[in-house]
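Spelled out from the first residue to the last, the chains are:
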Amino acid sequence: MASNAAVPFWRAAGMTYITYSNICANLVRNCLKEPHKSEALTREKVHFSVSKWADGKPQKPTIRSDTPEE
Amino acid sequence: MFRQVAARILPRSIAAAARPFSTDVAAASAADEAFTEAWKKVIPNIDPPKTPLSFMAPRPPTASSIPSKLTVNFVLPYASELSAKEVDMVIIPATTGQMGVLPGHVATIVELKPGVMSVHEGNDVTKYFVSSGFAFVHTNSYADIIAVEAVPIDQIDQSLVQKGLAEFTQKLSSASTDLEKAEAQIGVDVHSALNSALSG
Numbered sequence: 001m002a003s004n005a006a007v008p009f010w011r012a013a014g015m016t017y018i019t020y021s022n023i024c025a026n027l028v029r030n031c032l033k034e035p036h037k038s039e040a041l042t043r044e045k046v047h048f049s050v051s052k053w054a055d056g057k058p059q060k061p062t063i064r065s066d067t068p069e070e
Numbered sequence: 001m002f003r004q005v006a007a008r009i010l011p012r013s014i015a016a017a018a019r020p021f022s023t024d025v026a027a028a029s030a031a032d033e034a035f036t037e038a039w040k041k042v043i044p045n046i047d048p049p050k051t052p053l054s055f056m057a058p059r060p061p062t063a064s065s066i067p068s069k070l071t072v073n074f075v076l077p078y079a080s081e082l083s084a085k086e087v088d089m090v091i092i093p094a095t096t097g098q099m100g101v102l103p104g105h106v107a108t109i110v111e112l113k114p115g116v117m118s119v120h121e122g123n124d125v126t127k128y129f130v131s132s133g134f135a136f137v138h139t140n141s142y143a144d145i146i147a148v149e150a151v152p153i154d155q156i157d158q159s160l161v162q163k164g165l166a167e168f169t170q171k172l173s174s175a176s177t178d179l180e181k182a183e184a185q186i187g188v189d190v191h192s193a194l195n196s197a198l199s200g
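Protein sequences, first through last, are from chains A and B. Under full-length UniProt numbering, the letters of the first sequence match residues 1 to 70, in that order. Under full-length UniProt numbering, the letters of the second sequence match residues 1 to 200, in that order.
Any given hint might turn out to be false.
Unchecked claim - When the alpha-carbon atoms are kept at most 27 Å apart in a straight line, the in silico BS3-like pairs for lysine-lysine are as follows: (1) A:K33 to B:K40; (2) B:K50 to A:K33; (3) B:K171 to A:K45; (4) A:K37 to B:K163; (5) A:K52 to A:K33; (6) B:K41 to B:K113; (7) B:K69 to A:K37; (8) A:K37 to B:K113; (9) A:K45 to B:K40; (10) B:K113 to A:K45; (11) A:K60 to A:K45.
Calculated from the structure, these hints are not laboratory results. Note that the coordinates shown come from a computational prediction; the quantities given were computed from them, not determined experimentally.
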């Protein structure tokens, strides 16, 4: 189907809805007053580890973590 | 993320779920009965297991006359702000503009833009600033609003908003790639919406 509706500017720039939505949420969280702001920032923390597989074995993982290393 | 939120919208029933009432929507129990019949034919000795259908409360039926109140479920990924709350009206910030939802509203799905959502109950109005999300209005006057981040207006810090707006307006003029321009534009949109929420 050809695009008959005007796509939103962020999608035209190659961004997905989830990225857009997360950016909006982060900007709002950064504009909060103090006690709420620190609680909100804990919600932004992400921790994941991604590894590509080759020949049935996982390769070195990429770890993205906002929690301090123990 | 939205999958978890959808699970919260469905009302939880107690573990020892009662059998559906006979007055409930016929279509809902038919699936269960067909399964129990087939089970009994093959394995008559063991009780048929519960299917997911028996754990779900059936969808509230669409009343023949317009109900007097709108039931709102307002959920965030980390909390359920309003759960099956009966209100008179909600005004939601749809991408097409502020949209008022009254009981009996036609079924709609809207995408939300950063803006103010107000819940009107009698003479009380509660306002939230919503970062983005979706709203589903159903024929039976239930509205499900899901947002990633929603804060009461008084938790927003004016000076941070002004600073952010200035910063992103400056980034927008100096942006080079499409992606940078889009990010700066998002920043400008969100901060202007925050600004008008504080003043409006």
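Enumerate the violated hints, using their earlier numbering and listing them in ascending order. 1, 2, 5, 6, 7 and 9
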